[in-house]
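Let the hints inform the model, and build the full structure from the sequences given.
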Amino acid sequence: MTIRSYVPLTLFVILALGAGLMLLPAESTAAEHAKQRMDQLLSPARLSPGPSGILLVTDYCAQAVFMVSRTTVAKVIRSFSINGRPLGIAWARGRIYVGNETTGAVEVYNPAGKRMYTLGGAPGSVKQPSDIAVDASRGLIFVVDGQEKRIRVFGLKGPELTAISGIGAGSLVNPIGIALDQTREEILVSDYGHPADSSDERAPSLVHIFDYDGNKIAEISGSRRFSRPQGLAVEEGHIYLADGMLGQVLVLDRSSGATVATLGEFGTGPGQLQLPLDVVIDPSSKDVYVTNNRAARIELFEGGGQVP
Amino acid sequence: MKRNTVYLILVMMAVGLGTLFLMPREASPLIASHECSYCHGVHGAPGPALLKEAQVETLCLTCHGPGGTSTLKADVHTNAARSDYPPFRISCRGCHDPHDNLPNWLGGTNIKLVGSEQDTTGYARITTPNSGIRDVVYESRGTDAGEPSLHSFADNDEDGNTVYDGVCETCHTLTRHHHNNPTGDHSHHVGETCTRCHDHLDGFLR
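For the protein sequence lines, the chains are R and Z, in the order given. For the first sequence, the working numbering assigns the number 1 to the initial residue and increments by one for each residue that follows. For the second sequence, the working numbering assigns the number 309 to the initial residue and increments by one for each residue that follows.
Among the clues, some could well be false.
Said to hold, decoys possible - To give a feel for the contact side, a few chain Z residues facing chain R, derived at Cβ under 10 Å: (1) C371; (2) P374; (3) G375; (4) V498.
If you're looking for bench data, these hints aren't it; they were derived computationally from the structure. Values in this document were obtained by computation on a predicted structure and should not be read as measured data. Heads up, the beta-carbon is just placed ideally off N, CA and C, and yes, glycines get one too.
Structure below.
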């Protein structure tokens, strides 16, 4: 065969390929968004210390877990998708615990983003896993179940510890965030209270303090100080509480409940907060990290955990 | 005697006018799910005076956004990646009146606080980016346990009144489907609820 005899066949193949490309569906906007979402934060919600030098962030709208550098919080190191809307997050013994609001479960992932197992059995068992805290040394995972209005307690491997689970049942009104004071063996839970009554004394927003057996030992009222308390952290006798409405992190004295300092202010500029949802404090550097939801970034307050 | 009568009438008219113009308007009856103090702190309110749009949006999202207590989650409406519109950002109050459900121009009452009072008619209306102030109808027609019928998202002029007044289409002029006029394609997924794919939590983007 001569070269000329190949020309019609070549033209046919080129035309067929061209037609095929034309018939392929255009790349969907969903796919575009998916790409964007894995590169940058869209709606950061809860925070947790992760492996060395890394913070773990759930992103509610991107439906993903992001790993960001503690030193350059704008840098996303890695991310993986969650099938649903993630809220609470914690890290212990090489596992990432993620509260999935859509599936109603606490899912356990390895650092590569592979789902390993689910706490508490079938999906739907934790109605609204709003926040998670881990005491790795005692092998305990505490989960805020916002709809059940109680704190569920699990072992690291999955079984619910029914003897102590259900902390706060009957006293929590709208629980949101959780933190542990492992030295004192205390559980701190932020609570919206009843939204209609948050400005008076009937059911104000609160920080409840329980011992590990579930006995309530103290509470700090938000009346006339905070109304939409979100995530919180504990550091050297102080409670750091993000308030979504105020656009601030309040620093409360653990004993008296008094507000001793604030971090940030409402706004969209650098260092300003709009709908802050969680707080993490680096115990060595005292740097404070805050999820700044509407600004879609992590805010770093260097040395903010050092109260004068 | 006559002078006294005229004087009395004048006084009564003045009192009447004063009542009309000087007294605060009676607060509308609130929907069952929202009470005043959800958003307004009368004494010692910890937040700012709720005057700026960003603060109102934040206030809404403290319950309806991530980490909020409501099961009805939402986000603001912005451009899709390949939008033909110039950049826009429709916040909560662009479509919702947080104070009450309003009557609509067809004689029903909207649900989900859709539409707000834009003029003296008192009907639920929306100030659209490209089409001025338009009527909006978003109501339960008893088709799905109190949920709005599909035509309340995209009316598709099913009632033949030549007004495309569903809550989604009332603004749309450059979308691929369901404009607020007869142009374009009105056959896109007719019979389905728009938010089943275009989730409010994703800003109605897909």
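Evaluation of the provided hints:
With a cut of 10 Å, the hint placing Z:C371 at the interface with chain R holds, because the nearest CB-to-CB distance is about 7 Å. Checking Z:P374 against chain R by beta carbon gives a least distance of about 4 Å; that is within 10 Å, so the hint holds. Hint status for Z:G375: holds, given a least beta-carbon distance of 5 Å to chain R, under 10 Å. Checking Z:V498 against chain R: minimum C-beta separation of about 21 Å lies over 10 Å; hint violated.
When each numbered hint is compared with the structure, a violation occurs for hint 4 only.
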